[in-house]
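Line order of the protein sequences matches chains A and B. Read in order, the letters of the first sequence correspond to residues 25 to 353 in our numbering. Read in order, the letters of the second sequence correspond to residues 25 to 353 in our numbering.
Check before you lean on any hint, since a few could be wrong.
Same chains, same label: a pair holds when it works inside one copy or across any pair of copies.
Claimed, not checked - No farther apart than 25 Å at their CA atoms in a straight line, the calculated lysine-lysine pairs in the DSS-like style are these:
(1) Lys208 with Lys132
(2) Lys109 with Lys208
(3) Lys208 with Lys324
(4) Lys315 with Lys208
(5) Lys159 with Lys247
(6) Lys61 with Lys315
(7) Lys132 with Lys33
(8) Lys324 with Lys109
(9) Lys256 with Lys87
(10) Lys33 with Lys61
(11) Lys33 with Lys93
(12) Lys159 with Lys256
(13) Lys250 with Lys61
(14) Lys332 with Lys159
Calculated directly from the structure, the hints in this document are not laboratory data. Only a predicted model underlies this, so the values are computations on that prediction, with no experimental measurement involved.
2 protein chains.
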Amino acid sequence: MADDSKRQKHWLGVDLGGTKILAAVFDDRLQRLARAKAEVRATEGADAVINRIVDCAREAAAKAEVGWKQIQGVGVGAPSPIDEKTGRVIYAPNLDWTDLPLQDILRKRLNAPVFVGNDCNLATLGVHEVEYGAKPRNLLAIYPGTGIGGGLIVNGGLVNGFNGGAGEFGHMTLNYGGPSGIDKIPGSLESVAGRAAIAARIRRDVANGQSTLLTELAGPDLKEIKSNHLRKAIARGDTYVECVVREAAGWVGAAIASLINVVNPEIVVVGGGMIEQMEDLILPILRAKAKEYIHPGVRKGIDIVASKLADDAGIVGAAVFARRAVVGK
Amino acid sequence: MADDSKRQKHWLGVDLGGTKILAAVFDDRLQRLARAKAEVRATEGADAVINRIVDCAREAAAKAEVGWKQIQGVGVGAPSPIDEKTGRVIYAPNLDWTDLPLQDILRKRLNAPVFVGNDCNLATLGVHEVEYGAKPRNLLAIYPGTGIGGGLIVNGGLVNGFNGGAGEFGHMTLNYGGPSGIDKIPGSLESVAGRAAIAARIRRDVANGQSTLLTELAGPDLKEIKSNHLRKAIARGDTYVECVVREAAGWVGAAIASLINVVNPEIVVVGGGMIEQMEDLILPILRAKAKEYIHPGVRKGIDIVASKLADDAGIVGAAVFARRAVVGK
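Just chain A, with the same shape it has in the complex (with noise of 0.2 Å):
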């Protein structure tokens, strides 16, 4: 037995965030078998940050207890529209990274097949294979957080686009002629429903005088308002917050109501850090929004689903993009 599973294939998956590093070893039947993390600390630089990615790597494999050359592929999704062909990282504000070319530079500092990809694509990637058993023709994922981001899967097969940016949700515009966010575009779903839209909007009517459980729970300059900071004020009964929150939602829904119109999915998986925290709240409004807003004609049979895969989604697909790049399935 021991034997047979060191002849076994094994893949690993990287999920690099703005703010974290997750490396997993998944067997070949894409069984995590360990998992490691690590700081991304972007502003150090960006070998500082290669020389975590590959020490999370080797960690991963290490707790795992499978040897290098066991890892037949490691498949890395980052944030950034990434070149299909060449695996650069294209534009990633978060990590303040151009057209770096991270695929060549970890195949040479791993020694392995690796295989780079745009993160929320990858996790959608994990939540059609894992979590759907790759059944679904048509599926698409929506990942709210402090942007919003996500992924396609169109006839089967996952969509890059031209430039690699496919699935960037986010700035999708609903406020035409609104005033612009994070992303710098005017009137996007990032710009009124993204977290880092939402803590700016509730610092402002802080400012003029509104009251709320956030001070308490988030501290009082509200520098940094969690997902778990909103779910626990609502939960005590602030219904500012709640106002806030549903109204976020409600673009969501909005926004995936549009996705629907444009690409009509079978199925569309909500996942990230506020869905998480606050489904039986989100989940609700984005189903009967999006049923407004979508055309009669398309709406048949067409769920909207929270995904159970959480922080998993990232590292999983990252693994079922190596393994499909390898052995093409």
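Based on the hints, put chain B in the right spot on chain A.
This is chain B only, laid out in the frame that chain A set:
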């Protein structure tokens, strides 16, 4: 030569719109041999419309001097989401049809392999195959008219979606919380930038005292304002009409940007009467607005161009659709 041509494969394409039926016969290189045209007159009921489709198809074949047995397949584009497996028309408000088995009916009536698809999707297939030689892996087409339809080619294939409703770009929300238009979806693209919305706005403004050359060009009641009326008014210096068209084009440009952020095609093709009549005015606005609203990471090298196929896109696309269904390419 004559005998050879009789043994050649031929394809018949039908474009069923809200007001007119176009049918044309194509040879195997997709050269158009003959075309026929009929009115829809939807108010006379589905049977009467289907009779006219059948007559129009047979007239095109007769004009082309192609025997019916030489027709290898008939493609039909209809203004509705279409069930991919059965070719049923799901919901066509323009024709007042719901769940009509058009493909089955036409197979019996025409005694030929008939394949029904969505009109705008098939037009997009025509643009992709004939105008662009099937080269772009990812292409998006949008047709602003009375309503606003479109189609998507992703990873080289036409996107139909789960309920046959992919490409319904007119129902995207750009003005969340705003009033609804003919599609009854609040703040949809159609509700602000479709020709029906433009006409309604002009009638409202005129009722409120706005003067415009359109009362002369389209008649004092402004019941039917066509694209060429708008063009003529602008050419004669009607700055009010120019302002209205510019505004509508701005909305369409932002919608195109949203779509680029979502599916990231390498080329966006625009078509339809509004564009044909006012390309010089509209196209630069679409390009400028799209640039403003596309995320910088996905902007590079994407072009927005006007289709040269005009009315032919629908019929040739329908022929391509039939050919792919029969011979698999």
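A quick look at each hint next to the structure:
For the identical chains of this complex, Lys208 and Lys132 are neighbours neither inside a copy (36 Å) nor across copies (56 Å), given an alpha-carbon limit of 25 Å. Taking CA atoms no more than 25 Å apart as the test, Lys109 paired with Lys208 passes in neither setting, with 28 Å inside one copy and 43 Å between copies. In this assembly of identical chains, Lys208 and Lys324 lie within 25 Å of each other by CA distance solely across copies; the values are 17 Å between and 35 Å within a copy. Within a single copy, Lys315 and Lys208 get their C-alpha atoms only as close as 29 Å, which misses the 25 Å cut-off; across copies the closest is 12 Å, which meets it.
Neither within a single protomer nor between protomers do Lys159 and Lys247 lie at most 25 Å apart by alpha-carbon distance, with minima of 43 Å and 50 Å respectively. Taking the shortest Cα distances, Lys61 and Lys315 never come within 25 Å of each other, neither inside one copy (39 Å) nor across copies (38 Å). With identical chains, the CA atoms of Lys132 and Lys33 are at most 25 Å apart within one copy only, with a shortest distance of 21 Å there and 54 Å across copies. For the homomeric pair Lys324 and Lys109, the shortest alpha-carbon distance between copies (16 Å) is at most 25 Å, but the shortest distance inside one copy (37 Å) is not.
Taking identical chains as interchangeable, the C-alpha atoms of Lys256 and Lys87 are never at most 25 Å apart, the minima being 35 Å within one chain and 74 Å between chains. For the homomeric pair Lys33 and Lys61, the shortest alpha-carbon distance inside one copy (23 Å) is at most 25 Å, but the shortest distance between copies (62 Å) is not. Taking CA atoms no more than 25 Å apart as the test, Lys33 paired with Lys93 passes inside one copy only; the shortest distance there is 10 Å, against 56 Å between copies. Taking the shortest alpha-carbon separations for Lys159 and Lys256, neither the intra-copy value of 37 Å nor the inter-copy value of 53 Å comes in at or below 25 Å.
Taking the shortest alpha-carbon separations for Lys250 and Lys61, only the intra-copy value of 20 Å comes in at or below 25 Å, while the best inter-copy value is 62 Å. For the homomeric pair Lys332 and Lys159, the shortest alpha-carbon distance inside one copy (17 Å) is at most 25 Å, but the shortest distance between copies (39 Å) is not.
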